[in-house]
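**Q** Residue-level listing of the chains:
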Amino acid sequence: MTEPLLIVNHLAKAYGQTPVLEDINFTVNKGEVVALLGRSGSGKSTLIRTLNGLEPFQGGTLTFAGQAIDPTPATWLALRRRIGMVFQSYDLFPNLTVLANLMLAPVQVAHQPKAQAETAARTLLTRFGLAEFADRYPSALSGGQKQRIAIARALLMKPALMLFDEVTASLDPEMVHGVLALMTDLARADMTMIVVTHEMGFARKVADRILFLDDGRITADMPAEAFFTAPPTESARNFLASMTDR
Amino acid sequence: MTEPLLIVNHLAKAYGQTPVLEDINFTVNKGEVVALLGRSGSGKSTLIRTLNGLEPFQGGTLTFAGQAIDPTPATWLALRRRIGMVFQSYDLFPNLTVLANLMLAPVQVAHQPKAQAETAARTLLTRFGLAEFADRYPSALSGGQKQRIAIARALLMKPALMLFDEVTASLDPEMVHGVLALMTDLARADMTMIVVTHEMGFARKVADRILFLDDGRITADMPAEAFFTAPPTESARNFLASMTDR
Amino acid sequence: MSWSVIQASLPAFGAAFWLTLELAALGIAGALGIGAGVSLVQYFRVPGLHQVASVYVDVARNTPLLVQLFFIYYGLPGLGLKLSAPVSGVLGLIFLGGSYMAEAFTGGYNAIPKSQLESGAALGLSPRQLARFIVLPQGLTAAVPGLAANVIFLVKETSIFTVIAIPELTNTALDLIGLYYRSNESLLMLVVAYAIILVPLSWGLTQLERKVRHVTIGA
Amino acid sequence: MSQSGLELLFQGQNLPRLLAGFGVTLRVAAVVLALGLSLGALLGALRTLPNRGLQVVLRGYLEIFRIVPTVVLLFVAYYLLPQLGGLNLSGEAVAVVTFTLWTAAEMSDIVRGALVAVPRHQVEAGAALGLTRAQQLRFILFPQAVPLALPGTINLATRVIKTTSLLLMISVMDLVNVGQTLVEANSHLHPTFAFWLYGALFIGYYLLCAPLSWWAKHIARQRKAVTND
Amino acid sequence: GKSASTSTDTVAQIKKAGVIKIAVFGDLRPYGWIDQSGKRVGYDLTLARRIAKDLGVKAQFVQVNADGRVDALKAGKVDLVLANFTVTPERKQVVDFAEPYMKVSVGVVSKKTAPITKVSQLQGKAVIVTKGTTAEQYFTEKQKGVTLQKYDSKTQQFSALKSDRAAALADDNSYLYAWVKNNPTYTVGIKTLNGDGFFKQDYQQTLAPYFGQDIQAQDIIMGE
Ligand SMILES: Nc1ncnc2c1ncn2[C@@H]1O[C@H](COP(=O)(O)OP(=O)(O)OP(=O)(O)O)[C@@H](O)[C@H]1O
Ligand SMILES: Nc1ncnc2c1ncn2[C@@H]1O[C@H](COP(=O)(O)OP(=O)(O)OP(=O)(O)O)[C@@H](O)[C@H]1O
Ligand SMILES: [Mg+2]
Ligand SMILES: [Mg+2]
Chain F
9 MTEPLLIVNH
19 LAKAYGQTPV
29 LEDINFTVNK
39 GEVVALLGRS
49 GSGKSTLIRT
59 LNGLEPFQGG
69 TLTFAGQAID
79 PTPATWLALR
89 RRIGMVFQSY
99 DLFPNLTVLA
109 NLMLAPVQVA
119 HQPKAQAETA
129 ARTLLTRFGL
139 AEFADRYPSA
149 LSGGQKQRIA
159 IARALLMKPA
169 LMLFDEVTAS
179 LDPEMVHGVL
189 ALMTDLARAD
199 MTMIVVTHEM
209 GFARKVADRI
219 LFLDDGRITA
229 DMPAEAFFTA
239 PPTESARNFL
249 ASMTDR
Chain L
9 MTEPLLIVNH
19 LAKAYGQTPV
29 LEDINFTVNK
39 GEVVALLGRS
49 GSGKSTLIRT
59 LNGLEPFQGG
69 TLTFAGQAID
79 PTPATWLALR
89 RRIGMVFQSY
99 DLFPNLTVLA
109 NLMLAPVQVA
119 HQPKAQAETA
129 ARTLLTRFGL
139 AEFADRYPSA
149 LSGGQKQRIA
159 IARALLMKPA
169 LMLFDEVTAS
179 LDPEMVHGVL
189 ALMTDLARAD
199 MTMIVVTHEM
209 GFARKVADRI
219 LFLDDGRITA
229 DMPAEAFFTA
239 PPTESARNFL
249 ASMTDR
Chain Z
24 MSWSVIQASL
34 PAFGAAFWLT
44 LELAALGIAG
54 ALGIGAGVSL
64 VQYFRVPGLH
74 QVASVYVDVA
84 RNTPLLVQLF
94 FIYYGLPGLG
104 LKLSAPVSGV
114 LGLIFLGGSY
124 MAEAFTGGYN
134 AIPKSQLESG
144 AALGLSPRQL
154 ARFIVLPQGL
164 TAAVPGLAAN
174 VIFLVKETSI
184 FTVIAIPELT
194 NTALDLIGLY
204 YRSNESLLML
214 VVAYAIILVP
224 LSWGLTQLER
234 KVRHVTIGA
Chain S
1007 MSQSGLELLF
1017 QGQNLPRLLA
1027 GFGVTLRVAA
1037 VVLALGLSLG
1047 ALLGALRTLP
1057 NRGLQVVLRG
1067 YLEIFRIVPT
1077 VVLLFVAYYL
1087 LPQLGGLNLS
1097 GEAVAVVTFT
1107 LWTAAEMSDI
1117 VRGALVAVPR
1127 HQVEAGAALG
1137 LTRAQQLRFI
1147 LFPQAVPLAL
1157 PGTINLATRV
1167 IKTTSLLLMI
1177 SVMDLVNVGQ
1187 TLVEANSHLH
1197 PTFAFWLYGA
1207 LFIGYYLLCA
1217 PLSWWAKHIA
1227 RQRKAVTND
Chain Y
41 GKSASTSTDT
51 VAQIKKAGVI
61 KIAVFGDLRP
71 YGWIDQSGKR
81 VGYDLTLARR
91 IAKDLGVKAQ
101 FVQVNADGRV
111 DALKAGKVDL
121 VLANFTVTPE
131 RKQVVDFAEP
141 YMKVSVGVVS
151 KKTAPITKVS
161 QLQGKAVIVT
171 KGTTAEQYFT
181 EKQKGVTLQK
191 YDSKTQQFSA
201 LKSDRAAALA
211 DDNSYLYAWV
221 KNNPTYTVGI
231 KTLNGDGFFK
241 QDYQQTLAPY
251 FGQDIQAQDI
261 IMGE
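Keeping their order, the protein sequence lines are chains F, L, Z, S and Y. Just so you know, we're using my numbering here: the first sequence kicks off at 9 and counts up by one. Just so you know, we're using my numbering here: the second sequence kicks off at 9 and counts up by one. Just so you know, we're using my numbering here: the third sequence kicks off at 24 and counts up by one. Just so you know, we're using my numbering here: the fourth sequence kicks off at 1007 and counts up by one. Just so you know, we're using my numbering here: the fifth sequence kicks off at 41 and counts up by one.
Check the hints yourself; a few may be wrong.
Claimed, not checked - Here are some chain Y residues the structure puts well away from chain Z; computed CB gaps all over 10 Å:
hint, residue
1, K61
2, R80
3, L87
4, A92
5, Q100
6, G108
7, V110
8, T153
9, P155
10, I168
11, T180
12, A200
Unchecked claim - Computed list of lysine-lysine pairs in DSSO-like fashion (alpha-carbon distance at most 30 Å, straight line):
hint, chain 1, residue 1, chain 2, residue 2
13, Y, K165, Y, K114
14, Z, K179, F, K166
15, F, K38, F, K166
16, Y, K114, Y, K152
17, Z, K105, Y, K221
18, Z, K105, Y, K158
19, Y, K114, Z, K105
20, F, K122, Z, K137
21, Y, K184, Y, K152
22, Z, K105, Y, K165
23, L, K213, F, K213
24, Y, K231, Y, K221
25, Y, K98, Y, K61
26, S, K1223, Z, K105
Claimed, not checked - So, partial list: chain Z residues that the calculated Cβ filter (under 8 Å) puts toward chain Y:
hint, residue
27, Q74
28, A188
29, N194
30, L197
31, D198
32, G201
Since the hints were made in silico from the structure, they are not lab data. Given the structure is predicted, the values throughout are model-derived calculations rather than measurements. Glycine included, each C-beta is placed from N, C-alpha and C at the ideal position.
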């Protein structure tokens, strides 16, 4: 279990003149679940988007599955087949039915035969308890259903790594539970995941490791339990207090 | 402390043919904090909006400070000076500075002299630790700052009753804390409040009483501690479970 | 108001009616084609062409059709380029309409939230696949109301063809006024003729908008 | 024939006369915009009121002016209305009245759209503070709707300016009409004169409308940047 | 060309107003056009100014096209039309003509290199006219085999002729003569088109009953 899947080395990124990420270093091993925490504006979304090539970066290197990533559009296009991502905003395509949403990438990007892609999609929907929605349009689904389908859509590409950016943040509190349960199942099935979340209970229970981002720098990289029982910095302590003390 | 401020009697309300609130009865005493709980769609917002005249209702009576409310526009106009309300959506006026937002109602509705209204506004801002934002526009503020200023704006009218409809639901988790702290202070200062919230910790700690709304009917009206230790109905139990079990 | 006058001029109006429809249809079809092409060139920022397209939209949108037609029909022959009246009219309509349609298409593409494109990219879709499966279907749906408004607008603009002696509806009405001095009847018939075209058209386009929305996003 | 068509444009009184026609065009457009936009704003506000009868009437007014081509409106107003016993006005006045009614119809739709686009909870927040309906309009709704309506209004303004080119059809000596008389008086001197003259009209209208269009685009883009999709 | 006004009792009103509104052409040389210096000049204009002077009022000119002349009068936009207005039976029904002040009739102008000298040459060909002129009326009713291109203004019709958009142009002959003087590659191949008695016949059928024996066709209809 200590085979590294993703290595981030001296990564630096700025929006214009404003540095947002500075000297970021960490490794994610195969099968590991890493929770990326930090206060609003600390750079969590920027980091996770950079790992998927949605944001260009200015310094440092990324290594994925043993290969250095040379940050060209062609490289990213190939890599995104192996890195799945789910966002906060429900990002199903409203012009496609649920089934078509699920089959789009397998057929167009992975060039699977349609029949095979459909079987895989329906099987996963059934596993997620969403089989009845296959032929609906996203507009007829609740937020929680949409997010679970967005996760299914990413999983159908059989990614080696999944990135989650606050996927429960826009959900009604009652919907949160189902989505977190699904992610917990994935973690148990040894999916490698980087998860940005504000759900401290979930992070504590599911994550192997915590990365704490403070103003564009990683100021903690440690096992989850240790982070929550003894937050290593003043800032991490304050953060945890504000998230739990209500 | 048992002088009734608001008495709701057999209140009924429908949107078109669909009944949304049925036979609602409860009393709020002076200085009391009532938390209004219930799952999404149970009618919490509708109820609280009805209490402020934002929604017409079809049956029942409302009594405020000993006077039966005759539901005409003129009555509501007068009553709204005595009932403050804060919503989930940040409802500061983006076309006015913070100070202008705060002074609008005191000057235009309560006809206070401008200088007096400005002094009162600046004093309250200072008390809330927001003095430096007086001349900014709302777009330059974080969600938490906006909601605290929205609360200040309502308080400047010296209302006898404050209504809160999920004021922390759109906030980043870190911002929630500051707003809840402010509301806790208000409660301690004996403000009469009806609070719709998804923050169970806050409701348990701050509310005197819980009203539980289930599909348009009140199915529990009891002291907060009793409600949380022994939820009286199956539905209330399920609701509490979905809100806390993560 | 005289019924016999109306009856006597019916054949002339009938011919003008079909001619108006024919020229408007050609112009609108051309404008849709040009508009779609121009908007794609602008969307993909095709090097070279993209600047040309912007200049075209800018010029065509900011000058009146009347002046465009004068220029094409009376001005260009001075340089030895002589186009017939119907050709000039349809060309003018395409020139003007193409820019309006391009703006409507572009508005549609721009209405797509950025998050849609990013989630498509995150699935590994190439820019061309993004265009095909996300930008075009969603953008075209969003563009339909704007396109429909332009269709109505362009039908009405054919009334300006009268200045280059095309015997469409307005020209015919003015002609009958000049010949027989029955302004009331002629103008009434003119308004009725446009209503016969535009009222059903406007209704049909609203239905189309609804239908397109239903087919593409199921709501 | 010793001079080119372009030079002819600058000869004698030709250019000053064109500019005078340009002045008429500007004057009509300015008056129409001032009257039409104000009237349209008022009608647009009325269209947000929950009064069925008023809705039907104002909607009907909008649809009529949308369906009938502007040229036809002009002729009806110029020739028919006086004969039907109405007012008898000069060509320019007729144009101003007709274009104003048309502009107001289009403007009412823009304003209605902008008012409806201001989030409902903004107005409710005002109501909850005890503001009267009039105060809600004055302090909240109008200030927030104006930026929303601005790009559409500017685009309407360019359409109004372009539509003034129809003035020549009812005997108003606007830019295009003056241009025509110049062509008739000069084109026997040089065959390319018409090309240059109509080219000049083309440029004249472009110079008037293009900056307005750019401004509208600029505002729309700014808003998009602020609202961030 | 003739003048026409709506009614006789307007003279008093005109004098009272101190202004007479007169419809004229703006692009018809040599009758009513605007010269290089921007002044309205021409035969009709001189007459118009003279009329105004005789009435002791100021002349105010309203530029019209041929097809707008009758409506301009009917709608009261002008008091008088001095825009080369030929008396025809149809017009006679709707406006009052004053004494004719000039004799004209319809002529046809064409390229010297391809002259049209007989109406029969025009069969199946295109002829340019201005809407609402006597020439248009003649061709519409008597020469159905000819395709008409109908323009709003004199400028448009002559521009169209010069860019070869038709075989010929038909209009009142008197100003075709003037126009070919400025455009020497063209010729008025047909000088009068009324040989077949179209207007006279029309007059006798529709108008004679109104006028009685004292008035002869040639007093009203010119050029026959
Ligand atoms: N497109 C952009 N252009 C300029 N600055 C940006 C952009 N996107 C983000 N930023 C800035 O970069 C910093 C990091 O933003 P980021 O969205 O990564 O934070 P985050 O940790 O994800 O916050 P949140 O918890 O609110 O989602 C912030 O200061 C933000 O204002
Ligand atoms: N304007 C309206 N027209 C028709 N039905 C409405 C309207 N507003 C709310 N409803 C319906 O009334 C019911 C109660 O809605 P309400 O917004 O009061 O619920 P809520 O308890 O506040 O829910 P949430 O927790 O999601 O805010 C729901 O079924 C809702 O769909
Ligand atoms: Mg983020
Ligand atoms: Mg609610």
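**Q** Now, for every hint given, state plainly whether the structure supports it.
**A** Hints, verified against the model:
1. K61: Its Cβ never comes within 10 Å of chain Z, the nearest being 19 Å, so this holds.
2. R80: 22 Å, holds
3. L87: 23 Å, holds
4. A92: Given a closest Cβ separation of 26 Å, the condition holds.
5. Q100: The claim stands: Q100 (chain Y) keeps its Cβ more than 10 Å from every Cβ of chain Z (closest is about 23 Å).
6. G108: G108 (chain Y) is in fact no farther than 10 Å from some Cβ atom of chain Z, at 8 Å.
7. V110: Non-interface label on V110 (chain Y) violated, nearest chain Z Cβ at 5 Å vs cutoff 10 Å.
8. T153: Check passes; 17 Å lies beyond 10 Å.
9. P155: About 21 Å separates P155 (chain Y) from the closest Cβ of chain Z, which puts it past 10 Å; holds.
10. I168: Violated: least Cβ distance 8 Å, not greater than 10 Å.
11. T180: 6 Å, violated
12. A200: 7 Å, violated
13. Y:K165 with Y:K114: Not satisfied, since the Cα-Cα distance of roughly 35 Å exceeds 30 Å.
14. Z:K179 with F:K166: 56 Å, violated
15. F:K38 with F:K166: 14 Å, holds
16. Y:K114 with Y:K152: This hinted pair is violated, its Cα atoms lying about 41 Å apart.
17. Z:K105 with Y:K221: Judged against 30 Å, a Cα distance of about 25 Å means the pair holds.
18. Z:K105 with Y:K158: Judged against 30 Å, a Cα distance of about 27 Å means the pair holds.
19. Y:K114 with Z:K105: 39 Å, violated
20. F:K122 with Z:K137: Distance ~28 Å between K122 (chain F) and K137 (chain Z) Cα, so the pair holds.
21. Y:K184 with Y:K152: Since the Cα atoms of K184 (chain Y) and K152 (chain Y) sit roughly 25 Å apart, the hinted pair holds (cutoff 30 Å).
22. Z:K105 with Y:K165: 18 Å, holds
23. L:K213 with F:K213: Since the Cα atoms of K213 (chain L) and K213 (chain F) sit roughly 26 Å apart, the hinted pair holds (cutoff 30 Å).
24. Y:K231 with Y:K221: Given that 30 Å is the threshold and the Cα spacing comes to 15 Å, the pair holds.
25. Y:K98 with Y:K61: Cα-Cα ~9 Å, so holds.
26. S:K1223 with Z:K105: 36 Å, violated
27. Q74: Result: violated, 33 Å to nearest chain Y Cβ.
28. A188: Constraint on A188 (chain Z) satisfied, holds at 4 Å.
29. N194: 7 Å, holds
30. L197: Where the cut-off is 8 Å and the nearest Cβ of chain Y is about 6 Å from L197 (chain Z), the hint holds.
31. D198: Since the shortest Cβ distance to chain Y is 5 Å, the answer is holds.
32. G201: 2 Å, holds
In summary, the numbered hints that this structure violates are 6, 7, 10, 11, 12, 13, 14, 16, 19, 26, 27.
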